Amino acid sequence: MNINASTVCFWYWYSWSTVPYNVWMYIFHRSTALVSIIVIASKRICCQKAK
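Using my numbering, read the sequence shown as starting at 6 and increasing by one per residue.
Think of the hints as simulated: they come from the structure by calculation, not from any bench. Take these hints with a grain of salt, some might be off.
What follows is a list of derived Cβ distance ranges for each label pair [to be verified]:
id	residue 1	residue 2	range
1	S47	Y17	18 to 26 Å
2	I50	P25	32 to 40 Å
3	A10	I43	33 to 41 Å
4	V13	L39	18 to 26 Å
5	N27	K54	36 to 44 Å
6	C52	S20	29 to 37 Å
7	V44	A10	34 to 42 Å
8	R49	Y19	32 to 40 Å
9	K54	V28	32 to 40 Å
10	Y17	I43	13 to 21 Å
11	V40	W16	32 to 40 Å
12	H34	V13	24 to 32 Å
Remember, it's a predicted structure, so these values are computed and weren't measured experimentally. The C-beta atom is built at its ideal place from N, Cα and C for all residues, glycine as well.
Kindly produce the complete structure, drawing on both the sequences and the hints.
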């Protein structure tokens with residue numbers, strides 16, 4: 006399992022470093038709204054579980 010996780014991490018960082026910065030910024034700006042919705046939803050779920 007550790008080998009699998011480290012391999013995934015390696016490929017994640019490797020692919021992240023090979024993709025141009027402007028492409029990542031484009032993806033980031035396009036997905037900011039979606040990410041914020043996911044974060045808010047997860048926070049609400051965590052708050053409900055905490056109660």
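Do the hints match the structure? See the list:
1. S47 - Y17: 18 to 26 Å: holds, 21 Å
2. I50 - P25: 32 to 40 Å: Between I50 and P25, where Cβ atoms are some 35 Å apart, the hint holds.
3. A10 - I43: 33 to 41 Å: Check failed, 22 Å falls outside 33 to 41 Å.
4. V13 - L39: 18 to 26 Å: holds, 22 Å
5. N27 - K54: 36 to 44 Å: Given range 36 to 44 Å: holds, Cβ gap about 39 Å.
6. C52 - S20: 29 to 37 Å: holds, 34 Å
7. V44 - A10: 34 to 42 Å: violated, 24 Å
8. R49 - Y19: 32 to 40 Å: holds, 35 Å
9. K54 - V28: 32 to 40 Å: holds, 36 Å
10. Y17 - I43: 13 to 21 Å: Roughly 19 Å apart at Cβ, these two residues keep to the hinted range, so it holds.
11. V40 - W16: 32 to 40 Å: Given a distance of about 22 Å, which is not inside 32 to 40 Å, the answer is violated.
12. H34 - V13: 24 to 32 Å: holds, 26 Å
The earlier numbered hints that this structure contradicts are 3, 7 and 11.
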